[in-house]
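**Student:** Below are the chains, spelled out letter by letter.
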Amino acid sequence: MLKNRVAEILTPFDAPESVCVMGNEGVARAAIESGVAGVFAYPGTPSTEISMIFSSIREFQAADNWAAEYPQIANNHIYFEYSVNEKIALEKAIACSIGNKSSMACMKNVGLNVAADPLMTIPYQVINAPLVVIVCDDPGCHSSSNEQDSRHFAISASIPLLDPASPGEAYRMTREAFIISEDLKLPVIVRLTTRVSHGRETFHYNSIKPDQRMGCFNRDPVNINVPARTAIAHERLLEKLQGERIQPYFSNLNTKQLSKSDSKELAVITSGMATSYFLELHEIHELAGELAWLKIGMINPFPELDVLNFLQKGYRRILVLEELDPILENGIRIVAQKNHIDVDIVGKNFSGLTTVGEYSLSLTTRALEQFLQRPLSHKQPLAMLADFTDKLPVRPPTLCVGCPHRATFYAMKLVLPRNDDETILCGDIGCLGLGALPPMGMMDTVNHMGMSISMAQGLDLAIGQNKNGRAGKTIALIGDGTFFHSGMTSLLNAIYTNADISIIIFDNRTIAMTGGQINPGAPLTNIGEFQRVDIEKLVRGMGVDFVESMDPFKVEDTYQKIKASINHRGVSVLISVSPCVMLEYDRQISTTPVYVDHNKCKTCANHSDRAQYCSHETTPEYGLARARAKITAKQHIAGEQQACPANICNHGFFNAILAKDYQTALEIVRDKMLFARTCGDICHRPCERGSHPSVPIKLLKHFVAGDAANFADHEAALQRVRPQTPGHRVAIIGAGPAGLSTAYDLALSGYAVFVFEKEQSPGGVLFHQIPDFRMDKQGLQSEIHILKKLGVSFNYGAALGEQINLQALSREYDAVVLAIGVSISSTLAIVENTVPAQNRYNAMDFLKLFNESKLMLKNDSSFVVIGGGNSAIDAARAAMKLSPENRVILSCIEDRHTMPAFQDEIEEALREGVLIHHNSFISDLQCNSDDELTLRMKAYDSKKDLPSLQCNFIISAIGQHGDAELLRTSGIDTLDQLHRIETNAQSLIPSADNIFAAGDINSNHHMSLIGAIASGKKAAVSVRQLLEGYEYPYEGDRAMQSLNSETALEAESNITSLEDIYQYDLHQTCERCNHCIDNFACPSLVRKNGKITIEQSSCIRCGLCIDVCPNNAIQWQTETAITGEMV
Amino acid sequence: MKKLIISGVGGQGVTYLVRLLMHAAVLADIKVATGEIHGLSQRGGMVNAGITFGEPGHGQVDAGEADFMIGLERLEAQRCASYLNSGSRVVINNTEIMPYAVNAGISQYPDMETFVSRLKDCIEEVVYVRDDTTIDPRYQLYFVLGIASSLQGFPVGYNYLSQAIELIARKGGQAPAIAACELGRSYN
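Listed in order, the protein sequences are those of chains R and G. 1 is the number of the first residue of the first sequence in my numbering; add one for each residue after it. 1 is the number of the first residue of the second sequence in my numbering; add one for each residue after it.
Isolated chain R (complex conformation) (with noise of 0.2 Å):
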């Protein structure tokens, strides 16, 4: 309060002096006029404008030289504090006012109901000097937890209460309040209501009487409470309340108009801020002539005399006009009754006047047109209008701008998951239970000041005694002033009942939600008056071993140590720590603003066709495993580091899982291609090679496809098929991994696709050669099958060069694409001219017949596998699996890490059997009889001598070529040293309108099972270019390039549970994403054509958006890098 309104509130005036303020302003005023000499209050609204202005003057006259300076307020000393809770606050102003000091307590409905303990027994007892008690109730429940009538409270307190009905009858009731009590020696209660204190009028101050009493204390045996002097003490009570000496003030406080004419019909009888209501209507309506009316100030003692009197006019009929319980009513029927006077009484229930919430100018109305039984002209709202206030956004209250709790909370959620039922959050009273509020929803519970501790002790008892015990912990959750006021003992109790809970202490430094009060924890000792009392210390002293403070903008180290609480057993105490913004109003953090980066912010990374399907999903789960992942991985990886050839969306892959939502991971997978469960078992994952260490991609797909219920489901891909078009009929020579690859794009985009095959069966090699030991050939056929789903033709036994024609086909199709692979096996000439035919075999036939459980051998046979490649690692396995007493080396030139093949399966090779000799090669080769063979090795560097080898048969699995004849006789060729075919860059054969090639035979492309699913998808792009002008490029093209230089991987990961995962942060833009909406929802973030933007009016720059953000979008405006938003 500026130093002038404290000096004008002190300031005595000779004659009236005229005001315009609110309710409480005039309490506080009164209060002062009659000599107030110590004030003690608790915040709560709607009184705590009282209890500010005494706070305001406390400040005012710890200054120096104030005196001096106002030389004509220095004679009046008020002492003010704000005290721990409502019933110290009452038991201060109790022990002063025996003390000989005038006091006054300031609180609010419910406060009462912490301070009724000394309310109930003081009266019994005697005070001294004035003692008056202001509580506010809150018809409505504007803010507060009920609408209770305090007035009940005088009554069994058996004290006077009175009831002023507007702000300028507050501040006299209260000047009335320190007389009545000065002479009873009783305390007296004024009683207001949210209008009555928060309402302005005019009225007029008058003289101050400053307190000139010297404290002192009396010895009196009547201050020691003695059950047997409780009858003597109550009857007495009642005699001040029911004798003479109160008479006098009745006249004062009820004032009554009786009717202007003969009438004796109709009379009214109200209290409270229903009389403001019914006086303005009588003045509107001109009722002068046709009612009378009382009005009651004082409610108890039940004034019977004045209502006796009234009622003896001889009225027909009254209303009762009364906000909240009927005591005013009731009082009257029992006057009526003991008194056989034959009126008929109206209020609660009549014409829709109730007990719950407030009265308005309206209800009284109705009200008074039945009563009268005649309409009143009153002005209506607009029916027209009436449609457009209905489905308005609600705008509730919300965190404040940058306010910790904010960051509190958002910790919790990064450590909390909120759909189990485990874990139970018991809010408290304050500024933190807007928490409860979506998006953060986090809180179970809210009750009244100081529950939450003890809600949560007795949740864990009544859940802790299941049988099974419980998983999952209880919350409490409370700020630093609630925990003063009633979680300190609560906590207590917590300890000593060895309850198993965590409790989380707001403390943002203040009394928050009332405006910014002091509290023991945060006194502003600027004054000097107060002492701190540290929170930390405090909650240790008590006997909690686990106590930790953090300060929530660090959101990492908060996030620790809410999951260390948890996991803790007993009680642990974490004290989050950071002043509320509103104490030093329009600051802002850091002179640098914060901005959202619009290339970042909702933007998809991986292609730029926004027309592709993605099925990630943007829920609030989504996005905060993606940002748990952010603030708690270990490893942080680019997605860039990660892409696939094949452009699965990695980050949205691994996301997927983080956030425990398998279907979706998969639909991610299948968004790109069909063989998710294949490469979980086969790729070779560049997609693993790009950083070190990087997300086992290629070990959670297996994961993800493995379980069967998502796997076994393919309805998403079958959704999203475009209908076909005219014009779009592609085949395509070849059902191996780049065939199938094409036709699904295809299928996809709406196109007929034909698939020729010369094999009975669709897959290549994927079917035919890789053996059932190294992946789920089931799960093939699955994946195969979705294709004739989406409508692709397939026919089998269509070989190029006999069934079907190139060229013919090019004529016949809109497109073609070739995807034949390269089928010929590379030979060495030693071992095709010496070994006979029964026993030498080509890795690929040796395998196919593998599969096809073919192979008839005798059961000692010894193997010589010559290659260093899967294939051969695979032919391999194979042999040694034939039999176990088979015997298999392995002979390559390369060293152990050359090797081609996957460093996993060599070791598995190794650990099944199989020799290894690597660094040689066959220099000579003989043929015995009895089909053993023998080898003579050479080393490759140095070319020295190797011991000689024996065995039954040799395996080559030195590679693979195309069929160089069957390319040309099919008008093909531009071939390179493998015959493969030299494409252009976008895949069509030279000399060629409309055909591709896809997959193996296309020299551009790397030959690896995502190489040719990369190279198939490729192809699928070039047809949809050419055939309706297509705009992207392939998307994964990059990623396809750098598979042809490629380093050696290191063996799998060692992921041994699924729990390891949550170590890696695999971050890139993402478009779906709501994230910072869904669950952080500062205000100043706010949507505007489909971005956020910082709206820089509000922010106050804490920055905690930019740990917030799973993108990386949100910045510090540096110099530097300024795009998208500009400040």
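Note that these hints are calculated values from the structure, not bench results. Since this is a predicted model, take the numbers as computed values, not measurements.
Okay, derived cross-link-like pairs now, DSBU-like style, lysine-lysine, Cα gap no bigger than 35 Å in a straight line:
no.: 1; chain 1: R; residue 1: 348; chain 2: G; residue 2: 2
no.: 2; chain 1: G; residue 1: 171; chain 2: R; residue 2: 209
no.: 3; chain 1: R; residue 1: 264; chain 2: G; residue 2: 2
no.: 4; chain 1: G; residue 1: 120; chain 2: R; residue 2: 379
no.: 5; chain 1: R; residue 1: 881; chain 2: R; residue 2: 938
Per the computed footprint, the stretches of chain R lying under chain G, defined by three or more beta-carbons under 8 Å from a beta-carbon of chain G, are:
no.: 6; region: 391-397
no.: 7; region: 1077-1086
Heads up, the beta-carbon is just placed ideally off N, CA and C, and yes, glycines get one too.
For chain R, the structure is supplied; the task is to place chain G on it using the hints.
**Tutor:** Positioned in the frame of chain R, the structure of chain G alone reads:
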């Protein structure tokens, strides 16, 4: 007796505007009163306040009773439409503050054009501050007050408003505040 309501969002200065208007009324020797200012102000929630000028007002403004409305924010102005009657005169500021429900895509910010044109059909006078009007945001409140003061029959004369501003506004801010007010008065 004339009744006026102010609607807006917590933090926009509703409480301050109430004080200003009351102070001006006191200077003009008009019996003025307010009821409760609803809303948890600083928490960004909706806030509305009623003021009565002259007898027998006690500060309560009920549905259909507002002779004047000062709408500091568009959505809240629309929300308070039930206070208006056919004789009402209204000014609606061009500030739009997005509630969470709109940011989250749960609801849409209402269409103002339709509302304002309907309003113009139903009530006596509407001044709708256009989107392209830019005032120094620190003084936008005074600009809107200036417009309001020019509505026909506004309960307090402009000279009293400017006196009140001199007395109450932040030191050093009085001159630009009054300038903004003047701008508002000549807005239409």
